Amino acid sequence: MSIDAIPDAILELILLRVDSHFCLLDASSTCKRWRRVVAEAGFLHQFCTLHGPPVAGVYYQRWDWPWRKRNIKFQPLSPAIPRHRYSLNFLKSINAAPPNWRIRDSRGTLLLLDLLPDSGGIWDMVVCDPLTQRYKRVLPAPMAVFAGYHSPIEYLVDGEAGGIGMSNFRVVCLLSLNKRTAEFSCCILQETKTKEWGSKVRLGVTTGRDGEDRIVVLSVAGGNMTVFVRLHGGGCEWTAEKTIELLSLVPWPGTYFILAPFVDLNATRRAGAALIVVMKCDQSFSVDIETNEVERARQPVKRAHPCELPWPPTLRACTQLLNI
Amino acid sequence: MEVDKGKGEAEETRKVAEADRDTVTLKSSDGKLFEVSKEAAARLSTVLAGMIAGGSIDDNGTDLKQIGSEALENVVDYCNKHANSIPSAALISSSISFNTAPFKEPEEWERKFVDRLSHDALFDLVEAANFLGMERLLDVTCHKISEMMKGKSPDQIREVFNIKNDYTKEELEEIRQELAWAFYDD
Chain S
1 MSIDAIPDAI LELILLRVDS HFCLLDASST CKRWRRVVAE AGFLHQFCTL HGPPVAGVYY
61 QRWDWPWRKR NIKFQPLSPA IPRHRYSLNF LKSINAAPPN WRIRDSRGTL LLLDLLPDSG
121 GIWDMVVCDP LTQRYKRVLP APMAVFAGYH SPIEYLVDGE AGGIGMSNFR VVCLLSLNKR
181 TAEFSCCILQ ETKTKEWGSK VRLGVTTGRD GEDRIVVLSV AGGNMTVFVR LHGGGCEWTA
241 EKTIELLSLV PWPGTYFILA PFVDLNATRR AGAALIVVMK CDQSFSVDIE TNEVERARQP
301 VKRAHPCELP WPPTLRACTQ LLNI
Chain L
1 MEVDKGKGEA EETRKVAEAD RDTVTLKSSD GKLFEVSKEA AARLSTVLAG MIAGGSIDDN
61 GTDLKQIGSE ALENVVDYCN KHANSIPSAA LISSSISFNT APFKEPEEWE RKFVDRLSHD
121 ALFDLVEAAN FLGMERLLDV TCHKISEMMK GKSPDQIREV FNIKNDYTKE ELEEIRQELA
181 WAFYDD
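Line by line, the protein sequences give chains S and L. The numbers in full-length UniProt numbering rise by one with no breaks, and the one at position 32 of the first sequence is 32. The numbers in full-length UniProt numbering rise by one with no breaks, and the one at position 60 of the second sequence is 60.
Next up, chain L with everything else stripped away, as it sits in the complex (with noise of 0.2 angstroms):
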């Protein structure tokens, strides 16, 4: 990492210093600390990997005030998961955009980590996923939450996610009517 030359000696120590730990201290907005190893965090947060290379990360814990100990918990532990486990070849090579390119399969161990978590938890580290620009972790929850709405009817949708039916009757009556002479059965 290239230092900036303008700055004080003392800064430059303490950069030094932190370079030298192998882990990052986050804090959730409710306080909480968390530690990650500074491999994982860089390599799959763009946003944590943007804040170790221009230093500002804090060794008392960094705030990340938008999330809360639960998501971030979660985050940690998968970050940690990830240092852990023999990343695939697909997953090195992932530097396309997000939306256009086909998506990657969630591995086995991946799919377990999001399988145990409640519906709560699960929006709470997609959210979290999105504000740290950890793209495969976005993906894998997002693969997750549209697994759930799999072979389901609409009722059936809305219960599993809790939604609020705001449609009259008439409204319905006219968005089945638009899809109902190529898509489905009068």
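The following block holds chain S by itself, in its conformation from the complex (with noise of 0.2 angstroms):
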């Protein structure tokens, strides 16, 4: 018996547990079988439930000298990914290229530039998509009354019509503070409990197993950490989901917790990772924010941005014909 003789149902089965993104499309350009089965509606998306987002490469930072100058560079995943169409020369037009840039975050096909106040200006923002070379300046007029916060970091979120693109996202930083309530630019975070948040806190972002994003408020002292999730139909407001004590998950000394400022491309690979990374004392815990579960976590080399590619991608050649 030979794979041709293998019904529908069962290839699918088969090309379904392919490692790779970019193996499964080779795998669908073998015959028009076996692209049909991979065109069909639905299977590119449960190849991406099941395999995560395909990461086309990460970005990262490099400090050149002289010290002052940043680089962005672009490190490609696999071989066939043409390299040079995630270059960020296009933001050179508005001024927003390294190296006054640094970047910050990124989100699917999105990545988040800003222009750090101590190099002269104001503080300014950019949302750009590297392969249409597509970007939004985030920081208009009005922000302007921000002028002089200092934001320690940005995160790139799904906007409220599900799932992140140029027309739908959002940017959450940590502005300022009142004991009650945080303000992320227009989004509320509610608190259910009036209970105070400590003095020093860390933001953080993560994605849970549902694909919907959650936002994580962390007291350094005493590591109270508060999950927020998108009220449904609620706009920018945002609702405390959990609360997790991270003083009786973490068995190592000392009391302080921190956000790793680097994050493991292992754990962000992945779709709905729902992983946070916190540091105690140089250590670093991965906490799963649904299960409670701890893991000591290896200490990555540098913050890397994963940059994902266009999925699904359009295989409409070659598959018309062939639909019975």
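No lab work stands behind these hints, which were simulated from the structure alone. Warning: the hint list may mix true and false statements.
Here are the computed lysine to any residue pairs in the SDA-like style, where the Cα-Cα straight-line distance is at most 20 angstroms [as the list claims (entries may be wrong)]:
1. Lys169(L) / Glu12(S)
2. Lys32(S) / Glu170(L)
3. Lys104(L) / Glu12(S)
Because the structure is a prediction, the values reported are computed rather than measured.
Dock chain to chain to rebuild the complex, using the hints, since each chain is given by itself in its own frame.
Spelled out as structure tokens, the structure:
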């Protein structure tokens, strides 16, 4: 018996198990039947659910001599990836290119860059899609009221329409804080209890297994971590989903926690990893915000921002005629 | 097992006698007989479990007309090996639907089990596993076949599986163009 005699339903099961997105695309171009199975409605989505999003490569910051000169580098994850298509040179037209700008976060196919106030100008942010070379300035005039605030870190999260794209994204950053609520841009994080956060908090973002983003607020002393999820139909309102007491979960001396400034690429590469990496006394621990499981994490060498490929790809050629 | 009240006494006796046996006999399409542990068969195959529970198991060999003797031998071999190996916790709790559950890595002995098979035997086994509703064996065999494509170009994949390239030159170019903008270098 040859593979040609295997029914489509089993061929589908086999192709779902192919271990990389690139290998799947190669397999889909071997013959018309295989391509038809891959192009069938739902297959590519299901593949993505099982294997996570396809990562084209990672962006990372390199500090070159002289020290103030920042370079943003792209490292493709497969030799097939056309490196030049991921260049950020198109941002030069708005003077948003390195060395003055630094890369802050990535999500889906988008990147978030910002301009540090200390390099002479005002705090400025840009969100861009390297493949389509589209970009958007995030800090228009009204945001000037925040001038002078320093944001230690900014994150990209999905837009209200679900998923992320140039017309559907949100930027989350920690701007100011009163005793009960923290304001993030125009988003309100609701605390269910009237409990006060400590004076020092850190902000993190991860994605739950349901594909929805979670904003995590960690109070540095005592390791109290609150997980926020977007309210259903609530636009920019986020509500506290649960609180995790890290002190009882992380068996390591010390009571001070911070969110790891570096993200382990392996942890971020999977969709819906539901992981957040915290540090305590220079030791990294990854915390599963859904199961409360804690694992010692490897200390990543550099902060890398994975950039995803547009998925699912269009597979139109040679599939229409065969749709029996 | 609850016995149907409407059935005759002889039938009941036969069933009881059968329930006492701890193996079942399976007959391949080419008439060969194989014995397999009843417990393992019922645990690993939804179809065999249904037949055992429904009493449609024949002492003289239950006909499995769709499965050849080589594939059935492998199925029986797998069941018996499975009965002897200590199942891991992951296997016991495998009640989630096949298509949405994250894949479980094959265990070492399962890997060896499929590694020794020829291509033809592997494809026959995958069909048999599908026919008998053996989720775990289907998982292991599909995994093995998908691994054979790892790191290979379309040409190499065609060679491994003996697939005929049914594209014209123009169609191949069209396919390449479609993905080139993001996925492949020019």
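Here is how each hint holds up against the structure:
no. : hint                 : result
1   : Lys169(L) / Glu12(S) : 26 angstroms, violated
2   : Lys32(S) / Glu170(L) : 14 angstroms, holds
3   : Lys104(L) / Glu12(S) : 17 angstroms, holds
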